[in-house]
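A.B. asks: Whole structure, please, built from the sequences with the hints as guidance.
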Amino acid sequence: MVHLIISSDGKITADEEKALDVIRKNEGISDDVFNTFRKSIEGKKGRDIYQEGIEILNECTDEEKLDAFAHLYRLSEADGNVHVNEVRLLLYSIKMTGIEFNDVVEHAKKGV
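For the sequence shown, the positions run 74 to 185 when this note's numbering is used.
I should point out that these hints are in silico values taken from the structure, not numbers from a laboratory.
Do not take every clue at face value.
Straight line, CA to CA, 30 Å or less: simulated DSS-like cross-link-like pairs of lysine-lysine [unchecked claim]:
#, residue 1, residue 2
1, Lys183, Lys168
2, Lys118, Lys91
3, Lys98, Lys182
4, Lys98, Lys168
5, Lys112, Lys91
6, Lys118, Lys183
Computed Cβ-Cβ distance ranges for the label pairs, DEER-style [unchecked claim]:
#, residue 1, residue 2, range
7, Glu173, Glu115, 29 to 39 Å
8, Lys182, Gly116, 35 to 45 Å
9, Thr109, Ile85, 15 to 25 Å
10, Asn108, Asn175, 31 to 41 Å
11, Asn154, Asp94, 15 to 25 Å
12, Arg120, His156, 16 to 26 Å
13, Phe174, Thr86, 20 to 30 Å
Every residue, glycine too, gets a C-beta built ideally from N, C-alpha and C.
C.D. replies: This is the structure in structure tokens:
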């Protein structure tokens, strides 16, 4: 889902890369795990990445979903321009996982 958010407007900015790096550090994601993730999505269609992401998110607790969507929400704002494709992806994904958008916004404001 991270890949889809940061690439949904057609470009990945330095600000988005920095924001992703902050999330990686805060969540304790090692370079090895992150590189494995990057390799796992190479050559995949966005639709397939999305479907896998939703399946994984639906295995999470509501609190874990809120954490994940809070990160995605902040990533959508990282370049200073929230693109309509980022909004659509977030809203539809949140709906598909049974979480409320307002809860995500509040959770993101808490700095999770």
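A.B. asks: Does each hint hold? Answer for all of them.
C.D. replies: Hints versus structure:
1. Lys183 - Lys168: At roughly 21 Å apart (the allowed maximum being 30 Å), Lys168 and Lys183 satisfy the hint.
2. Lys118 - Lys91: holds, 25 Å
3. Lys98 - Lys182: holds, 19 Å
4. Lys98 - Lys168: This hinted pair holds, its Cα atoms lying about 28 Å apart.
5. Lys112 - Lys91: The hint holds at about 20 Å.
6. Lys118 - Lys183: violated, 33 Å
7. Glu173 - Glu115: 29 to 39 Å: holds, 34 Å
8. Lys182 - Gly116: 35 to 45 Å: holds, 37 Å
9. Thr109 - Ile85: 15 to 25 Å: holds, 19 Å
10. Asn108 - Asn175: 31 to 41 Å: This hint holds: roughly 35 Å between Cβ atoms.
11. Asn154 - Asp94: 15 to 25 Å: holds, 19 Å
12. Arg120 - His156: 16 to 26 Å: Holds - the Cβ-Cβ distance for Arg120 and His156, about 18 Å, lies within 16 to 26 Å.
13. Phe174 - Thr86: 20 to 30 Å: Holds - the Cβ-Cβ distance for Phe174 and Thr86, about 24 Å, lies within 20 to 30 Å.
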